[in-house]
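Asker: Top to bottom, those sequences are chains W and S. So the first sequence is numbered by our numbering: it starts at 18 and just counts up by one. So the second sequence is numbered by our numbering: it starts at 471 and just counts up by one.
Be aware that one or more of the hints could be misleading.
To give a feel for the contact side, a few chain W residues facing chain S, derived at Cβ under 8 Å [to be verified]:
no., residue
1, GLY117
2, HIS118
3, ALA141
4, PHE142
5, VAL343
Quick caveat, the hints were computed from the structure, so don't treat them as lab data. Here the structure is a predicted model, which means the values were calculated and not measured. Don't be surprised by glycine CBs; every beta carbon is placed ideally from N, CA and C.
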Amino acid sequence: MLARVDRHIGEVTMSETTVPPGSRAFEPMPVSLDVRNVEPLSLAGLTVVVATKKGVFYLTAAPGRARFTLLGPSFLGHIVHHAVVDPRDRRTLLVALRTGHLGPTVFRSTDFGASWREASKPPAFAKPKDARKSVAVEQVFWLTPGHADEPGAWYAGTSPEGLFRTEDGGDTWQGVAGWNDHPKWIEWTGDMSQRNPDGSPIHSILIDPRDAKHMYFGTGSAGVFETTDQGASWKLLNTGMLSPTGPDPHPEFGYDPHCMQLHPRAPDLLYQQNHCGIYRMHRPDARWVRIGDNMPRDVGDIGFPIALHPRDPQTAWVFPMDGTDVWPRTCPGGRPAVYRTRDGGESWTRLDAGFPARAWYTVLRQSMAVDAEPTVGVYLGTTNGEVWGSVDEGERWTCLAAHLPHVYSVEVADFST
Amino acid sequence: MQVAIPSVLQSYTNGARVVAANGATVAALLADLDARYPGIRFRMINEADALRPHVRIFVNREAVTDLGRPLAPSDAVVIVQALSGG
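So here's chain W without its partners, still in its complex pose (with noise of 0.2 Å):
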C-alpha cells in the first residue's frame, strides 16, 4: 500500500490520495472532467448565460421577461472564461473554462446544457519550430461560432494569444498557423514577462457575415488584426487610435481594444471601447475614429464592454470605469451607470435608473450583451457577482441577481425550438 499523501506547503494543500489496496479492472472511460450539473437543466427561451470565476449559471426569462429565474450553476469550482450558445442551432453551448491547475479546455452540450463532454483535442499549440516561443495555452478566453455558412466550425482565443478553430463543433481543435505560427507572433505578442496578470487574450473575434474569409480579432499587446482569406494572413488595422505604451502615442502596433464589435446588419461598421477610448470605424476606410470624445469629461470614455443594437447601427451601450492615474477599474466617481448613443457617438445619454448610488465594481469585457426583442433588452454582470438588465433599452435597470461570483461573461440566447 503506499502512503497516504495530506500535506501543506505554506498556502498550497496538497490534495488527498489514499491508496487502497489492490488493482483495478482496466476500464477505458469516456473524457470528462467532472462538470456535473449541480442540479438536473434543460434550458428553454429567452436565456442570460453567466459565466463566473466559479461555474455558469443561467437567468430564464418568463414571457415578456417580467420574471427571470436563476438556474445552475453547471462546472461549480472551474473557471469559466466565455460561455457561448451556437444561434446556427440554439442548442449547442460550448464554454471555455479553466479547471484550476488542471489547465484550459473546452466543454460542449448539444442537449440545452443537460449534459457536457470535453473536447478530445482541446486548444493547445503545436510544437514550436522556433525554440524562443515554447508557450503553452494557459486561458481559452473567447469563443465565436463560425459564418453561417459553415455549421460545427467556431473559433476560439487563448492567452498566449492563440487562435483556433474547429470544424466539428468543438471536439478537435487545430490552431490557425497563419496567426499561430506568423513570422511577427512573437514581435506582435511581446515579451512574456510584460503580460497582463491574467494574461493576454485574443479576444473580440468577428466574421464577417456576407464572407466567412473575412474575419477581425483583437490583442491587448498588438492591437487589431484583419483577415480575408480565413487566417492565412493578417494584417493590423490600427490606424487613428491611441496607444497606452511607450513614447510614441501612434506606433504601428502596441494598442488595446478591449472590446470591439461588427454590426451584424451592417457589417461594414465596426465599434471598439479601447484602453485609451471607443472608436468607431466605417470600412473600406481603416482609420478608427475616436466618438468617446463626445462623452462627459467627467466620466471619461474607458471601460471594457461595448454592446450594439441589433439592427439599428447607430445605438450602442457602454459601461465606463475610472481610468484615471493607478485605474481604479470601478465606476467612476462610484456611480454606476451605462451611457447609450443613438446617433454612432456623436452624443450619449447617462442610463443609471435602477442601478445604487453607489458601488463600486466593474464590468469586464465580455460581461454585456443584448436580446433581440421588439425593445431590446441589455444585460450585464458585475465584477462583484451581481447580474443587472433593462428590456427597455437601458432605461430602467434592475438586479436580476446577486451574490454570484466575479462575472467574466454574459451572453443572451433564445433557446426556442
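Following the hints, position chain S against chain W.
Answerer: This is chain S only, laid out in the frame that chain W set:
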C-alpha cells in the same frame, strides 16, 4: 504498476483512485495512462511538455520532475494535484 490518481482527475478514471498502467519511464507511463484514459495526460502535462503548476509526481515517495526517469514494474507512482487560490 499501480498509479494513484488525485481526486480532481478521477472523473477520467471513472472514479478509480488507483489504476494500472505500464511504462519504462515516467513519460511512457503517462502516455500509457493517456491511452487508457484519453485526455488525462494533458491535464498534467501541457503542450510544451512541462508539468502544469502544482502537479506533482512521486515514485516511491520521491518527487520526480524528470519525465525521463526510469521506472521498474514494482515502483509505486502517486500523482498529486495541489489546490490553492481563492
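Asker: Please go over all the hints and tell whether each is borne out by the structure.
Answerer: Verification of the hints:
The interface hint given for GLY117/W is met, as the beta carbon of that residue sits about 7 Å from the closest beta carbon of chain S, less than 8 Å. Here the hint on HIS118/W is kept, as its CB sits about 4 Å from the closest CB of chain S, short of 8 Å. Interface hint status for ALA141/W: upheld, as the beta-carbon distance to the closest one in chain S is roughly 4 Å, under 8 Å. For PHE142/W, the shortest C-beta to C-beta distance to chain S is roughly 5 Å, which falls under 8 Å, so the interface hint holds.
Because the smallest distance between the Cβ of VAL343/W and any Cβ of chain S comes to about 22 Å, over 8 Å, the interface hint for this residue is violated.
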